[in-house]
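2 protein chains.
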Amino acid sequence: MARLKDVAQAAGVSIATVSNVLNGTKAVTPEVERRVLEAIARLGYHPNPHAQSLRTGHSRTFGLLVPDLTNPYFPALVQAVEATARAHGHALLVMDAGNEAEREAEALALMANYRVAGVIWVPVADRGTANGHFPIVTVDRPVAAYDAVVADHRQGGALVAQHAFDLGHRRVGLLSGPRALPSAALRREGFLAAAAGRLDVVWEREVPFSSDLPPDVVARLAEPECTLVACANDAVAVGVLRALRSANLRVPEQVSVIGFDDVPWADFVEPALTTVRQPLGALGADAVTMLQARIASPELPPQRLTLPVELIERRSAARPVSIRVAGDDARTRPRPSPPRVAASDAPTGEGDGRPALHTEACG
Amino acid sequence: MARLKDVAQAAGVSIATVSNVLNGTKAVTPEVERRVLEAIARLGYHPNPHAQSLRTGHSRTFGLLVPDLTNPYFPALVQAVEATARAHGHALLVMDAGNEAEREAEALALMANYRVAGVIWVPVADRGTANGHFPIVTVDRPVAAYDAVVADHRQGGALVAQHAFDLGHRRVGLLSGPRALPSAALRREGFLAAAAGRLDVVWEREVPFSSDLPPDVVARLAEPECTLVACANDAVAVGVLRALRSANLRVPEQVSVIGFDDVPWADFVEPALTTVRQPLGALGADAVTMLQARIASPELPPQRLTLPVELIERRSAARPVSIRVAGDDARTRPRPSPPRVAASDAPTGEGDGRPALHTEACG
DNA sequence: CACGCCTGGTTAAACGTTTAACCACTCGTT
DNA sequence: AACGAGTGGTTAAACGTTTAACCAGGCGTG
Chain F
49 MARLKDVAQA AGVSIATVSN VLNGTKAVTP EVERRVLEAI ARLGYHPNPH
99 AQSLRTGHSR TFGLLVPDLT NPYFPALVQA VEATARAHGH ALLVMDAGNE
149 AEREAEALAL MANYRVAGVI WVPVADRGTA NGHFPIVTVD RPVAAYDAVV
199 ADHRQGGALV AQHAFDLGHR RVGLLSGPRA LPSAALRREG FLAAAAGRLD
249 VVWEREVPFS SDLPPDVVAR LAEPECTLVA CANDAVAVGV LRALRSANLR
299 VPEQVSVIGF DDVPWADFVE PALTTVRQPL GALGADAVTM LQARIASPEL
349 PPQRLTLPVE LIERRSAARP VSIRVAGDDA RTRPRPSPPR VAASDAPTGE
399 GDGRPALHTE ACG
Chain L
49 MARLKDVAQA AGVSIATVSN VLNGTKAVTP EVERRVLEAI ARLGYHPNPH
99 AQSLRTGHSR TFGLLVPDLT NPYFPALVQA VEATARAHGH ALLVMDAGNE
149 AEREAEALAL MANYRVAGVI WVPVADRGTA NGHFPIVTVD RPVAAYDAVV
199 ADHRQGGALV AQHAFDLGHR RVGLLSGPRA LPSAALRREG FLAAAAGRLD
249 VVWEREVPFS SDLPPDVVAR LAEPECTLVA CANDAVAVGV LRALRSANLR
299 VPEQVSVIGF DDVPWADFVE PALTTVRQPL GALGADAVTM LQARIASPEL
349 PPQRLTLPVE LIERRSAARP VSIRVAGDDA RTRPRPSPPR VAASDAPTGE
399 GDGRPALHTE ACG
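These protein sequence lines are chains F and L, in that order.
Throughout the first sequence, residue numbering follows my numbering, covering 49 to 411 in sequence.
Throughout the second sequence, residue numbering follows my numbering, covering 49 to 411 in sequence.
Hints were generated in silico from the structure; no laboratory data involved.
None of the values given here were measured: they were computed from a predicted structure.
Certain hints may be false.
[Said to hold, decoys possible] Facing chain F, from chain L, some residues (calculated, C-beta under 10 Å):
1. T77
2. A87
3. L91
4. T118
5. L158
6. N161
7. R163
C-beta: ideal position from N, C-alpha, C; glycine also.
Can you make the complete structure from the sequences, with help from the hints?
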């Protein structure tokens, strides 16, 4: 492969000059610049990243550390991160913590050793496992000391309460996620706040993020005493769908179900899940631009960016039959204008309206 | 960070000696080795990978290039690849081709520039885009010149035919995938071969890997004239499920459906999909060991490893009502011993019985 | 006109390894 | 006793960059 030396020789110039035109470090005569550029193109020269890293002490590589790649939340995220990192001339070192704090710490150490320019980190738990000494931006699960980009879970919770109300529901059940996870806690808060005074939350239960529901929950679902159940998660929602089905309750005719996340298969279950979509693509893209900002100015206090979420209406939630008004068909009824989003608790962020990533399953 | 020099100084020895004990390059006195090791431990020394790469011309890094991370096929694969690469002391550079040959070629070039030790490559198409000059093992979509590890799609096809027959089906429909993809072609071949003389394939249609079925197919599904439809894919299987449902045909009571891939949500659709599972974890792990073998002996002719697949019985396929024999209940009927797998066309591989990765969705 | 100052370029050191070449010994042989 | 062959260690070069230090000439200024 062509080295700096070869280019210099071909252009009849010293290697320092070539380096300077490459990095714009120093001014050069237009004529010389032309010769150098021409030589570079002709030889197909690309700098050796290892030599660069050795010399400068940092690489043009980002690290991405996620708790568990098979969690459907992540693929879209890493895709977005990789794409925008690559667009900015950075490669991506991806590591999977396998949901273990130990493997996570090891991964962080490895990345430090690789002199990554910075890492994008989705911590396995919110234990503030601060570590090595490079720029970090966390995604989805903020760690106090670092930058963070998160979806507006609180707004998401509010959105489902609002939607339930708009559809005409009054008595609802709530299956909230593990209180220990900030995301779950915020969804719950947002839901409860928006429900206050309008929705009667006839029962609430904290469940793990899984479609295997605790027995008491499936029992309760057989006699729901509500017309809609709001779920912590799309996975939880399919658990609910199952329980409802085996209790011979029809969705959404008898009870509506709303999920959270809009995982790729949310459209594949029966009935297709009404849910709230996290802007995974934007989350990833903004994480890397945030990381670059952090690298550019390391001294700034930790920033937080909160991106808006979006309610996706599909078939699992509809107007409750009990209050259906004659002549007012759900199909033809004009939808109320989408509820204006209340700013969340951490309004640092200015989410852009970037369209969500389109993902599609195949072969 | 501690450098070789520091270790040498601390151990009262030259840097060459430290390097030698690190790499086992040359014999050293036990006493000296002890001192060096102690110094290394005390200083928490880790070699600078960039210096190593610069000197040796190759890095302890593998590349992984996939066509599209949001394809549910891949997350489990990259997880397995990352885990086993890491276990062998290698980091992983992940790139996503976004299903574009152009981005794929660019990614390959970047990896070459990064002096990766080798790359694991799932080509976007089977166009033999041979390229850079480093060890490559392809996964799922073999390219003539390189090593390959693939799932036994042919056997998979045979498995579904066999299963259909065992359940008592005789008239079946086949929705095969794009003939241009080797995997789809092999599934079809295997299916047809195993069906020959036992199953009546009343219709066949080639469809894209998508749950949006062509109109004529959904029309056909309204009057299926068969008791089971074998699908190219889990995605097309859910398309079939939908079509059947809107034709008021009950699955599996009136018509059975079998998918392919066992995507993570195959258990979430209604009814849960009977399908064939690809050993994604083993595929990934074997790909990296194969890559290491290739690196160790570059002169060997291209190898091919074919891993067995597994039929996952869930609820979408059952005995056809039409031929149910009195007293012979599907629940109690002894299942025939699992069909012995016929060796596939490329029997180079000796798939090990490694258990497939357990993947689970959460928050 | 001599001086200092830009301007555009070169030389050489340094980053942290690996590894070939070299060297001082100790042994076993003759 | 002299020699050759290990044995266990060191010295120094090289990998391909970046960048500080240096330098030659042109030019406005006193």
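Min Cβ distance, R163 of chain L to chain F: is it shorter than 10 Å?
holds (7 Å)
Given N161 of chain L as an interface hint, is the shortest Cβ-Cβ distance to chain F below 10 Å?
holds (5 Å)
Hint validity - T118 of chain L Cβ closer than 10 Å to any chain F Cβ:
Holds, about 4 Å.
Is the hint on L91 of chain L kept, meaning its closest Cβ partner in chain F is under 10 Å away?
Violated, about 14 Å.
Tell me if the interface restraint on T77 of chain L is satisfied: Cβ within less than 10 Å of some Cβ in chain F.
violated (29 Å)
Would you settle whether the hint for A87 of chain L is holds or violated, based on the nearest Cβ-Cβ distance to chain F being less than 10 Å?
violated (18 Å)
Does the closest beta carbon of chain F sit nearer than 10 Å to the beta carbon of L158 of chain L?
holds (6 Å)
Of the numbered hints given earlier, the model fails hints 1, 2 and 3; all others are met.
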